[in-house]
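*Asks:* Take a look at the letters that make up each chain.
There are 2 protein chains.
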Amino acid sequence: MALETEILERLSATRAAAAQLALCSTADKNRALAELARSIRQSTAGIIAANRADLDRAQAAGMTGALLDRLTLTADRIEAMARGVEEVAALPDPVGEVIARWQRPNGLEISQVRVPIGVIAIIYESRPNVTVDAGVLLLKSGNAVVLRGGKEALSTNAFLAGLITAALERTALPASAVMFVNNPDREVIRVLKRHPEAVDLIIPRGGKSLKEALADSAVPLLPHFDGICHTYVDRAADLAMAEEICTNAKCSRPSVCNSMENLLVHAAVAERFIPRLAARLERAGVELRGCPRTCAIVPHVKPASDADWDAEYLDLILSIKVVDSLDEALAFIARHGSKLADAIVTGDPQAAARFEREVDSATVYVNASTRFTDGFEFGFGAETGISTNRLHARGPMGLRELTTYKYLIHGCGQVRK
Amino acid sequence: MALETEILERLSATRAAAAQLALCSTADKNRALAELARSIRQSTAGIIAANRADLDRAQAAGMTGALLDRLTLTADRIEAMARGVEEVAALPDPVGEVIARWQRPNGLEISQVRVPIGVIAIIYESRPNVTVDAGVLLLKSGNAVVLRGGKEALSTNAFLAGLITAALERTALPASAVMFVNNPDREVIRVLKRHPEAVDLIIPRGGKSLKEALADSAVPLLPHFDGICHTYVDRAADLAMAEEICTNAKCSRPSVCNSMENLLVHAAVAERFIPRLAARLERAGVELRGCPRTCAIVPHVKPASDADWDAEYLDLILSIKVVDSLDEALAFIARHGSKLADAIVTGDPQAAARFEREVDSATVYVNASTRFTDGFEFGFGAETGISTNRLHARGPMGLRELTTYKYLIHGCGQVRK
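Chain order of the listed sequences is A and B.
Residue numbers for the first sequence follow numbering that gives the first Met the number 0, beginning at 0 and rising by one.
Residue numbers for the second sequence follow numbering that gives the first Met the number 0, beginning at 0 and rising by one.
None of these hints come from the bench; they were simulated from the model.
Nothing false has been slipped in among the hints.
Same chains, same names: a pair is fine if it fits in one copy or spans any two.
Under the rule of at most 20 Å between Cα atoms (straight-line distance), these lysine to any residue pairs were calculated in the SDA-like manner:
{"no.": "1", "residue 1": "LYS210", "residue 2": "PRO195"}
{"no.": "2", "residue 1": "LYS416", "residue 2": "GLU242"}
{"no.": "3", "residue 1": "LYS416", "residue 2": "GLU108"}
{"no.": "4", "residue 1": "LYS150", "residue 2": "ALA59"}
{"no.": "5", "residue 1": "LYS210", "residue 2": "ARG193"}
{"no.": "6", "residue 1": "LYS150", "residue 2": "GLY206"}
{"no.": "7", "residue 1": "LYS416", "residue 2": "ASP314"}
{"no.": "8", "residue 1": "LYS207", "residue 2": "VAL218"}
{"no.": "9", "residue 1": "LYS150", "residue 2": "MET62"}
{"no.": "10", "residue 1": "LYS416", "residue 2": "SER254"}
Please read these numbers as outputs of a predicted model, since none were measured by experiment.
With these hints in hand, go ahead and build the complete structure from the sequences.
*Replies:* So this is what it looks like as structure tokens:
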């Protein structure tokens, strides 16, 4: 209860800061971001020391490999973070953008204008650079932000959040517009999700347990959850192209949500395609799991279990299934996909058109890698996350997706008949 | 539990129908709507008989006045309903609309295309025409719909839902795309809100108890809740215009969410403005409640209590407060408004600009009545509701607001670096 009271008091200050920040000019916000970039660079040693404390704790707890790497900040990564802040400062401000404007027959002039959403809470995991990356995107879009990072990065996150607050203070912006919650207790999430009057939106970036913890959230969610992405190599595919696309979709960064987990191959090209792709992927360290027909073609491949078709590996593992038709591929994707990113490789425009129309995913690719599902790759100038929501924003998000709108209506005394 | 099993089984058929309906052509959907309009007209006697059963029950339970009127369907209202269906058929289909299209430097062609949301549940109250009005708007936008009307209109709603289902069947559209829940038990709402895999969105139209029943919904909401709308008559207002606007905002239809509940008047014009407005409103049957300064100007007016400033009367009642400045008006609206529709009456462009910028409401008016917050009045060609949400859709909704989008990406073998 003490925790709830404390959080609600801080949220009340955050709400007030959100109202002020929403009215700040682009120049004001950019000045604060420039100051933050400067102070990140100047504080490199301090950031590394704070990060060292997290790393020591993580190593003592047995963390190794990719996870430890994600947690680590080096001078180069800190410089990249500062540059990232400057890049966000250089982006156009979405606030105030006129989305549409029209006049009604009665003379009313209606404008639909972008405004900030308000107070947005981000719940994220071990990568400490999210504190700065997400923080500045939200500030640039005029939103106050509640940052609740993972317990592994507590010291680093606290240090970075302190730099943001100080930069806001030094540039006379409302310092309470960034609220860092330095408490790994799950109770924090329970408090946040129960107070829609204090928090307008929660952006959760995490796995199943976070999803479950937020299932009954009274605050709207813009989740970034799982990605079970498919590539379907059609009978009319250019197989050399298919090989490049599949290798890229699986191997270029297997730990992210837009990498391929299931590969579907049309039976007419399976015998030609699967052996050469398998050899290439295995050279790249990928473990393959196959349906019975795949295993008949490449007998050394381990059979896939039922669970494999619904697994988000986020790792160098791929399940392969031979299908007899586009219809079978579509049905498979409808059943096993997570509606984030799916691709067809084909030279047949009709197959491509059906795939685009019938696959109900945020991003549907023809002859390209699913790895392009990303704000930068879409040209949004920023990556504010990849929404697995159907509403408000779907797929790659830019700054605009962190705003809502209001209608301004100008009249000269009109009344409704 | 039996109820839950039954609802989930029906929802599973609705989900399958949603996937089919999403791929139906505009012509297919319009043919079904034309058939529905025809069958509504042909079934006028049947609809009136079903409605008679509801009216008899309601009158036996003591219902009178406006409520009873809302429940009543006459031949004229049924004809209006059929015409409404034809008007929706004539509207442009939002599905397939290309919202944006661009090319990336690597040659990828990206299109953002409107698609239906999926399965949308509407929970509404006594007006039975919502069954048809909302049903056809959702069908036109390619969504399957779960209709859960109020207990007062059960017989009428069931009859009308039967007409929709029959029209879908006769035109070979998936009949399960409309699921009518003929059960007034609140348990129905508990089942719907717990199954985000089965229902993509709930649109609740109702009052406080419905809001509370849905507070922990696992399904996203697009609520249509309260409207506490303000009009601020500035010191620089044209008082004759202000009188027309205030009279319209209060009296033209007091039972709806965009009618005025609180009037703020600048002290510099209060003595000239309040007496003449009060006389006019009182002639129109409005009960006035005033702050102490208002009561000093028009002593017969009853003092407002604290609760009055936060009350959504939805009735011929108005609270009036005298303020000393625009700042005081803005602070009052921020505190007591429901962020739906607020208006300023002023001839001062600077006051108007500050009001527009600082009032954080879905619709902000300068010199016009808040009663224009409505899909038809905005020119959307339809009224699919007025969202009190900040996300996805805010304020008056048209067909577009009942859709989401997906990105289609065309390549020629691009892979991500």
